[in-house]
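All chains, please: the whole structure from these sequences, using the hints.
Protein chains: 2
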Amino acid sequence: MEVDEIVEGILSGNKRYLARAITYVENEFPEGKEILKRVYGRTGKAHVVGITGFPGVGKSTIVSKLTQEFRRRGKTVGIVAIDPGSPFTGGALLGDRLRMDGLDTNRDLWIDPGVFFRSMSSRGRAGGLAAKTGDAVRLMDAFGFDVVLVETVGAGQSEVDIIEVADTSIVALMPEMGDDIQINKAGILEIGDIYVVNKADLGGAEKTERWIKAMLMMDEEAVEILTKTTHAQEYEVQSGKIFDKIARSGWKPPVIKTIADKGEGIPELADAIEEHFKYLKESGMLIETRKKRLTREMTEILVNEIKKYLRSNRAVDFDKIVEKVTSNNLDPHTAVEKILKSILK
Amino acid sequence: MEVDEIVEGILSGNKRYLARAITYVENEFPEGKEILKRVYGRTGKAHVVGITGFPGVGKSTIVSKLTQEFRRRGKTVGIVAIDPGSPFTGGALLGDRLRMDGLDTNRDLWIDPGVFFRSMSSRGRAGGLAAKTGDAVRLMDAFGFDVVLVETVGAGQSEVDIIEVADTSIVALMPEMGDDIQINKAGILEIGDIYVVNKADLGGAEKTERWIKAMLMMDEEAVEILTKTTHAQEYEVQSGKIFDKIARSGWKPPVIKTIADKGEGIPELADAIEEHFKYLKESGMLIETRKKRLTREMTEILVNEIKKYLRSNRAVDFDKIVEKVTSNNLDPHTAVEKILKSILK
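These protein sequence lines map, in sequence, to chains A and B.
Numbering-wise, our numbering puts 147 at position 147 of the first sequence, and it's gapless, one number per residue.
Numbering-wise, our numbering puts 58 at position 58 of the second sequence, and it's gapless, one number per residue.
Some hints could be false.
For chains that are exact copies, the list does not tell them apart, and a pair is met inside one copy or across any two.
[Stated by the list, open to error] Listed next, the in silico DMTMM-like pairs over lysine to aspartate or glutamate satisfying Cα-Cα at most 20 Å (straight line):
(1) Lys345 - Glu5
(2) Lys45 - Glu323
(3) Lys345 - Asp317
(4) Lys252 - Glu274
(5) Lys292 - Glu323
(6) Lys307 - Glu5
(7) Lys15 - Glu2
(8) Lys213 - Glu275
(9) Lys278 - Glu337
(10) Lys324 - Glu34
(11) Lys345 - Glu305
(12) Lys207 - Glu264
(13) Lys291 - Asp331
(14) Lys308 - Glu337
(15) Lys341 - Glu305
(16) Lys308 - Glu26
(17) Lys345 - Glu323
(18) Lys257 - Glu224
(19) Lys45 - Glu220
(20) Lys338 - Glu34
Quick caveat, the hints were computed from the structure, so don't treat them as lab data.
As the structure is a prediction and not an experimental result, all values here were calculated from the model.
Okay, here's the thing in structure tokens:
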């Protein structure tokens, strides 16, 4: 398929061409870049919403119900789901099937022309995953979706990286998620613009909600209680950081209880998402957020290009140098210095 | 403190200097690199063992009990614990305290001269975490520890990256870890050389054990059962990958049940770790594993150096270019092409 045809197809709203373009981007075909360049002028309108949380909290269900809610509000929705897949051989095929199963309970979404779903594998060395996600989001944005939802599994740095492509970040938790410090350690708590306590019909939802509110310094009584526990110091440090973030952004993250599989709390979640977007636009924070995002993405693109350059550069035999380092004849830092001298101006 | 003094301190077995060197490495002080260069000839002897798994499975307890077991066997042990900390301001301080609490139940470890513990924050943009972990491990190796344990929290790509500094990788699970596919998705299942089902006194340990063995194609009856469930296809794809890995490496990962807080199963785990190391050495796989590891690390070091170069390079005003991209006057890929043209030979 030609670039011209795909660009035209995207701009005329044909999903088949959008799917193809994302495949090109995901597999780093040169056509992908070319398409992105050509549609870039049309981007910037979509509201990009990220949702992250540990496996099992019900992210897929939330995404699916939220999509239905946005459709009811007359908005079109593109969905990018990041599947960690396998570090060895990738898991896109498997991932797609699993994801589809997840959305299968809402079969009407699959025939809705205002919805488009795509899963991306985080694959092996995963270099450039945030950049690729950013590109897929940009393609959906150019296609014209009002909302682009990005779903990532689990926690950890890579999740934080990916979620940063979003204008609005949702952290999804559930009541019985181990003890509080476990969630803390995962380092995802500070990235939320909105918190969701899903499966609120399970016991302990109130406790979790109060604990999050205590972290956000939004429940003085709960803060009181927490500072009397053995975890007082951790809470203070953590909530201090969140407090700084709130002070910087001026946005107080709401905590919303949902029972996603019954649709409960979903309209409230959609309200909160729309409200946050409005806040970002009116406060000027949207430009700031997106500048930060693009800095990250461009750095990642740059790094990938340099890796490619290195593999194709004849002046440097990377493998041979690695062998020298492995046999203790050269330390890795000196080795890298040598390589840099031969490739940088 | 001078580089000479620290190098001498490390080579003479003074832990204070080792701690200082790791701090230099963690904070990217130039002294860190210099120290590494100087001690590099002394590295390569330690057995580097990684342990990963979701929060709550009891990794810290396993590490602590395993350390005691290795000490009983006359081996010295260095421990590097990666703390995801906060994506905004880092969490080293908090992390250290938490970790210490974790090891606190074995206070004798703290006064044992044959044990050294260090936690590292995975911090903000986390560029170079695997490389930094590799450097910390190398310093402990040069110091002379027989075993270096690397503990990482949770799952996801960054965990896979970090765990790849290890010769032997342990994946820790616990019985009630949600449904099987959740663990699958996390993408950590394939990286194990040894599997641990901790908290085996909880219900369901046998089920988890059998399921892992089915994945490893080590329990035909369980495979039979699994292929009749609705998850048959996922199991086939996943176990196919694991099977390929086993075929490549020739190592059949054992599955060990432990009740770490009671010390049960820990000697068996230590046996398996030692056996795997022996296998790596005798089969020649150790060199291969380490070559792979160094390729990764050097790539990461390289990338970080280029980022630094970019920030200090006057020919390229990265921030200004980002602004152009944010205002839709330039697409990110064209922008990166321009930057590369001005810095690469």
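(request) Taking the numbered hints from earlier one at a time, note which ones the structure violates and give those numbers from smallest to largest. (result) Hint check: 1, 6, 9, 17, 18, 19 fail, others pass.
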